[in-house]
Amino acid sequence: MGTSETPGRSPGTPDRSVERDERTGRAAAAQRMQQKDQWVDLQIQEAMKRGDFDNLPGAGKPIKGLGTTHDPDWWLKKLVEREKISVLPPALQLRKDDAELDAKLDRHTAESEVRRELEEFNARVMKARYTPVDGPPLVTMPRDVEVEVDDWRERRLARRRESAARRAAAPAPQPAAPRRRWFRRRSG
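Residues in the sequence shown are numbered consecutively from 0, following numbering that gives the first Met the number 0.
Each hint should be verified, as a subset may be incorrect.
Mimicking DSS-like on lysine-lysine, the simulated pairs with C-alpha atoms at most 25 Å apart in a straight line are [said to hold, decoys possible]:
#1 Lys-63 <-> Lys-76
#2 Lys-95 <-> Lys-76
#3 Lys-126 <-> Lys-103
#4 Lys-77 <-> Lys-60
#5 Lys-60 <-> Lys-76
#6 Lys-48 <-> Lys-60
#7 Lys-83 <-> Lys-103
#8 Lys-126 <-> Lys-95
#9 Lys-63 <-> Lys-83
#10 Lys-95 <-> Lys-83
#11 Lys-77 <-> Lys-95
#12 Lys-77 <-> Lys-63
#13 Lys-35 <-> Lys-48
Hints listed in this document are in silico derivations from the structure and should not be mistaken for laboratory results. Treat the numbers as computed from the prediction; the structure is a model and nothing was measured.
Please work from the sequences and hints to get the whole structure.
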């Protein structure tokens, strides 16, 4: 930008008038915008000559989802798949959680954790019972904490016995032969 003298402007003020193309009279910025696709193509060609696109990850592999019909909710489906989000009505989610509860309890090692898990499950069941919801009816019942803790103890004891039986049935490991050193020290 220059500080050319324009009538009506104080000296030293930069010239902010729109730069015009001498041939067409249009603004130079508008002309540059029309030529941007040529500039982009030129940049891509130069990058290819430099080898910037060589050995990119995924080169030569098909693009996932290409060729299928357009789905406006593709991003939502990918999010649900990636984050493993379950979108079920509360009654069905509780049925699913009830079916998986024993396996979830068996992963815990302390009785206090098992009790906490059962109390949280029962609280969700009770909340769903007193909340009007559209969808399938709620048939899941709260679990008796004491009975479930006793069942957890029995399953845990059975797993320990089974593990001990497998260890007893396994052949005893042979002691390893002493390793020879690859060098020997000379004495003397």
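Comparing the hints with the structure gives:
{"no.": "1", "hint": "Lys-63 <-> Lys-76", "result": "holds, 14 Å"}
{"no.": "2", "hint": "Lys-95 <-> Lys-76", "result": "holds, 21 Å"}
{"no.": "3", "hint": "Lys-126 <-> Lys-103", "result": "holds, 21 Å"}
{"no.": "4", "hint": "Lys-77 <-> Lys-60", "result": "holds, 20 Å"}
{"no.": "5", "hint": "Lys-60 <-> Lys-76", "result": "holds, 23 Å"}
{"no.": "6", "hint": "Lys-48 <-> Lys-60", "result": "holds, 22 Å"}
{"no.": "7", "hint": "Lys-83 <-> Lys-103", "result": "holds, 17 Å"}
{"no.": "8", "hint": "Lys-126 <-> Lys-95", "result": "holds, 16 Å"}
{"no.": "9", "hint": "Lys-63 <-> Lys-83", "result": "holds, 19 Å"}
{"no.": "10", "hint": "Lys-95 <-> Lys-83", "result": "holds, 15 Å"}
{"no.": "11", "hint": "Lys-77 <-> Lys-95", "result": "holds, 23 Å"}
{"no.": "12", "hint": "Lys-77 <-> Lys-63", "result": "holds, 12 Å"}
{"no.": "13", "hint": "Lys-35 <-> Lys-48", "result": "holds, 20 Å"}
In terms of the numbered hints stated before, the structure departs from none.
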